[in-house]
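Chain order of the listed sequences is A and B. Numbered according to this note's numbering, the first sequence spans residues 1 to 734. Numbered according to this note's numbering, the second sequence spans residues 735 to 1468.
Hints were generated in silico from the structure; no laboratory data involved. This list has only true hints and no planted wrong ones.
The calculated label-pair distances, taken between Cβ atoms and stated as ranges, are:
id	chain 1	residue 1	chain 2	residue 2	range
1	B	T1128	A	Q495	49 to 57 Å
2	B	G1293	A	S184	31 to 39 Å
3	A	D513	B	K1282	25 to 33 Å
4	B	K1428	A	D513	52 to 60 Å
5	A	S5	B	L1295	51 to 59 Å
6	B	D1334	A	D513	40 to 48 Å
7	A	Q495	B	K1282	35 to 43 Å
8	B	E1281	A	A431	35 to 43 Å
9	B	G1293	A	E183	27 to 35 Å
For every residue, glycine included, the Cβ atom is placed at its ideal position computed from N, Cα and C.
2 protein chains.
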Amino acid sequence: MQSWSIKEEGFDQERISSVGNKFLVGNGYFGIRGTLQEFNKNEYPAINLAGIYDRVGDAWREPLNAPNGLYTYLEFNHKEYRLPEVEAFSHNISLNYRHGIFTRTTTWNATGSKLTVNAERFASMEDKHLIAMKYSVHSEVEGDFRLVTGIDADVWDINGPHYDEILLSQNQDILKSIAITHESKDQVCVCESYQMDASHQEQLVAEDRKSLRVLSFHAEAGKTYTLYKWISVYTNKDEANYEDAAYGTVAKAKTSGYEAVLEKHIAEWEKKWNISEVIIDGDLEAMEALNYSIYHLHCIAPRHTDHLSIAARGLSGQTYKGAVFWDTEMFMLDFFLLTEPTVAKTLLKYRIDTLEGAKKKAKYYGFQGAFYAWESQEGGYDACSDYNVTDVFTGRQMRTYFKDKQIHISSAVVYGIMRYVDYTGSYDLLAEGGAEVILECARFYYDLLLKRIGGNYYELHDVIGPDEYHERVNNNAYTNKMAQYTFDSAIRVIQTLSSIGDKTKERLSNNYDLDALLHSFKDATEWLYIPQADTVTGIIQQFDGYEKLEEVGIEELKGRLLHEKEYWGGAYGIATHTKIIKQADVVTMLNLFSGEYSEDILIKNWEYYEPRTEHGSSLSACMYAMLACKCHMPDKAYPFFMKSALSDISGKGKEWAGLIYIGGTHPASSGGAYMTAIEGFAGIHQEKGELRAKADLPSGWERMAFKIVYKGDLYHVNITKDHAEVRNLGKHMD
Amino acid sequence: MQSWSIKEEGFDQERISSVGNKFLVGNGYFGIRGTLQEFNKNEYPAINLAGIYDRVGDAWREPLNAPNGLYTYLEFNHKEYRLPEVEAFSHNISLNYRHGIFTRTTTWNATGSKLTVNAERFASMEDKHLIAMKYSVHSEVEGDFRLVTGIDADVWDINGPHYDEILLSQNQDILKSIAITHESKDQVCVCESYQMDASHQEQLVAEDRKSLRVLSFHAEAGKTYTLYKWISVYTNKDEANYEDAAYGTVAKAKTSGYEAVLEKHIAEWEKKWNISEVIIDGDLEAMEALNYSIYHLHCIAPRHTDHLSIAARGLSGQTYKGAVFWDTEMFMLDFFLLTEPTVAKTLLKYRIDTLEGAKKKAKYYGFQGAFYAWESQEGGYDACSDYNVTDVFTGRQMRTYFKDKQIHISSAVVYGIMRYVDYTGSYDLLAEGGAEVILECARFYYDLLLKRIGGNYYELHDVIGPDEYHERVNNNAYTNKMAQYTFDSAIRVIQTLSSIGDKTKERLSNNYDLDALLHSFKDATEWLYIPQADTVTGIIQQFDGYEKLEEVGIEELKGRLLHEKEYWGGAYGIATHTKIIKQADVVTMLNLFSGEYSEDILIKNWEYYEPRTEHGSSLSACMYAMLACKCHMPDKAYPFFMKSALSDISGKGKEWAGLIYIGGTHPASSGGAYMTAIEGFAGIHQEKGELRAKADLPSGWERMAFKIVYKGDLYHVNITKDHAEVRNLGKHMD
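Make a model of the complete structure from these sequences and hints.
Right, dumping it as structure tokens:
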């Protein structure tokens, strides 16, 4: 029986950061880290906002953390009780990931008594601007409680502070805090109101960046007193009257009452699970880990807008600048395509909206077409720096080439759009600008093509593939193949323009010489060099010259480390001149295009590259898992699947790259776990435009059952050891 | 009045290494460092051999230092007197660089006396295998001398020891030491004999790797006693009977006597100076520095063979592996072309001989044609490692790209050959294989050409130009221009095949499709992209993207150093992402092709790049000097000329690159000083196949006079402030 709950007992100061990720709740508008109410910025609390950024000085631009309206701590008989300052007698936290409810229970020893706090909170899935919290206190003996609660605008930042000014207004009904950002003078408005189930005195205090209420009351022995808090967050980007809206949200929730708000919240979550829950009979751990992964994807799915994407660390904080990477299209998109296509469209609309930014970037580097941002923020601004890693030996910034050489990013956008087209059966996205995106990406790759005068083929030089440990290589198999895929997609778009719609056809015909483009792209796809499997070994070289690199085992390589946090890649990293790679690269390519290769080649490359892969990225394991499934090796796939599914539960992901903090949730891993389950083990795929299952369950799995959406219809899939059933449940309304 | 002598007084242990370079004598077969007779390997003595190498283990292959037959120290009344162990009362050394004679005079305080050693030695310019030494001792009071002298085969090595075995044989006439190398079992045979002008006792001692005589005698007060030594060096590569030859050389010299041998040696040197001496009236320092530079070129010129080149540090030791760099063709060749064309031919024949090695190297990297070794040893083996610099912060080797990306090396060989053709007016070198070299180098560049599909031009990507601080750049102006020069040279060779000779024409026609090559090279030279001067600033970008690099002053940049020996280049060096360059790059290109640019462009680029140049290579200053001359700025040229001319006298050259010792002489600087004087200030150049002078002397120079050889005739050039006279002295016999 699935528990839908994760728990931790005891308090470990070392794990404050990772617990914050693991116990996150969110609703796509914000993510609330699994931190305690009394934490201040040293303990990494955050109400991390989607799609709004700020930059201070030369530091990296990063997303905002809203002023923390959850901030609350208690005093009993004039003594503060809070973690981590005062050690607790007992402490446990839990997350109900069916409904996104975070709970904490903490007991302290007080003089002659035990004090207990019981609290829960959720980010409303019904009203995306609302947070609700319930906070109960209890003492074994009578005494004087003071609950200090309000809004703490002195928030945790990696590269802040982002608020130049905090405007506080207080009345006994509503506390309001408007935080004004440095760069764009954006305004983040947080309103807070409360209810208390006992008579008390209230005093308002504004100190520094905190707007607080002090609620005092005398408690009877053994009686529980409960504080309810309502917090809303709006920014000026949401709507013109964002202050009124923030006020209204809190007022409305307060009127409804905690239980009613909770009920609506739960109902929304139930709607999600009704489609997205995956049943695995015979492997409770896998089922729980997978649904926990799905939970995280729901928490960060943008549903409050129709054009926004997901950051690489979701809404768990400011790591990786809150920027959108290829992770979204290549690792997360399928989940939404198969369960909630409107969210998939929202994600891809973000790319359409940021086409201008991608064209600017291409132009900056001297190329035509669209070169999407490696780390995309508002408007497609590439937040990626030329210096992403700190040299642990010198403290200097190291020049990295993620931004300028990882050209496969544009193909990921194309891949996402085409996959949307195929899985929805709809051309709406192409008509709404997706067609231009694809043409511009193809133009970009076309302009990058190089031909050796004496050679026949077109090549792509000086790139970085998915494996970032090997920089500036020529003819990376993944990149070349994806460029070819982009040309093919552009050809397909041009050739099906009539089906997409007259308006689109007219628009494109006016803006492009489509015949010339078609001619160019056909030539490109025909002559682009795609590294082939060696006729003897069957191995596809990851890039030109890979076979000449040093052969070394990963453990031996680790023995060469001089500093635990030193970067493995770059020009002189320990992996750079060896065959050890960071993550699936050829294997990613083979997974995406498995149909074009024999199973023998797939297996040989899997077996060759796996021991040479550090899996130093959360994007690695699921690619190995999926390809293993496609090679009918579900039991080889299984540990990689579990690694992906457990990545945020286990909390074993890297927290450091050089001296840069990279902790947070791993939604790409979550998406990869989902893909492995559905497209790997259950073998869901398209064949001639129809949905098929070609299942191959790992040992111990007796049954899988789940629903998916395909071309507008909802399907129920039921897979047993010897039978796969795909049943059309009829039209699906998102 | 020119002194033809440099001197140093006093003994400075810190300067042992640089004094060894500065006071070197040599004859092209070996170089003998200016070290003292009593030095053992800790003080870097060396009889450094040309063109014979050895490698031990994984360390770099390097040239051999012969067993040291000069080894001698003295005892007086049973006490040793030697530097650096026993401090001297006075010490001075001198080098007569007119005749290559090194002298030392050292006085020690002994009990109740002063002891003096007076010694001189030379590397015979007449018999290239012979070293002669005179060693006189003198005491103020009577006493017992013991002179310990013989052959020390325990030689100084950077990456040794190279001798697996030392075979010693001793008789009172001849000591013989045969040292057998590790890698190829080559044999280096050293014979030694002596004469003493007083009665003495002799005892033979063989200890470890030393073969010694102990010569004992009682000395009268105030009387001088003189030891004469004869040392010969032969290797099995010189001739079959190399042992007999070594024996014979010593025996013959001993029979002739010291004065007679010295006389012949001096006569040979006078022959050299008769052609090569440069007179500068009005600037004694410049004249002495220039002739001292010329002296060094004479010391290392291979005259004992017809196919050998010169190492980058001449014969001053094992630095840079005794390998041949582009230094020879681009910086030293002109001196020999203009004074001793047979030596020029010998240098270039080495390149013809190593064509097969260059073809192998090209093939290894996947290219056709000839890719010459960056650091060329026997047979064209590229001694350059992929790891040439040690990271001072981690102690790790850093991947460098000198070997695989500095493709301009092949064009330097072409340049040398074509310059030989033009200055000698002879096609002999082309007929003897030079034509193939040029075609193969052109084939190499042709195969490297890349064309952007959407572009019109051919490009050369991922190279290193002369400025090694900026690795892996695209379209380096120097490299592209030199590739074009190579295509043009190949076209010229093909088009003048009939003039070169029927045999050559037949040979080439059999081996190549000359029409196809001609077509290809014409296409290549027409469409190769050559970075042009900016229409506004006049600046030629050193490579694509140079203009986007950080603008910073050299002093500010130095302030960023964290370690005095850290490498400025590589991926993360302090210069790498700035506009600061190591050495002349665009300026080198403009100097070679100055006739194709307006003086305005030349000056603008000189003024632009000079403050951005570290001049961290001895190849830099002379290029700035020469281009300044061509822009009629002789006084701007002058300090760069003097820097080049003084480089080995001042001893200010870098001795370290990272943690690698790079000390030694700087023959490219010497050659650069010569070129600046003759081709710069005196303006010697060809015009329509005739020799012309277009002089522009620096302030203070009243007159220059020198001889040069051109197309087989000897010319005398006399230049005054307002007149340049070029007088044909008739046929020149080398």
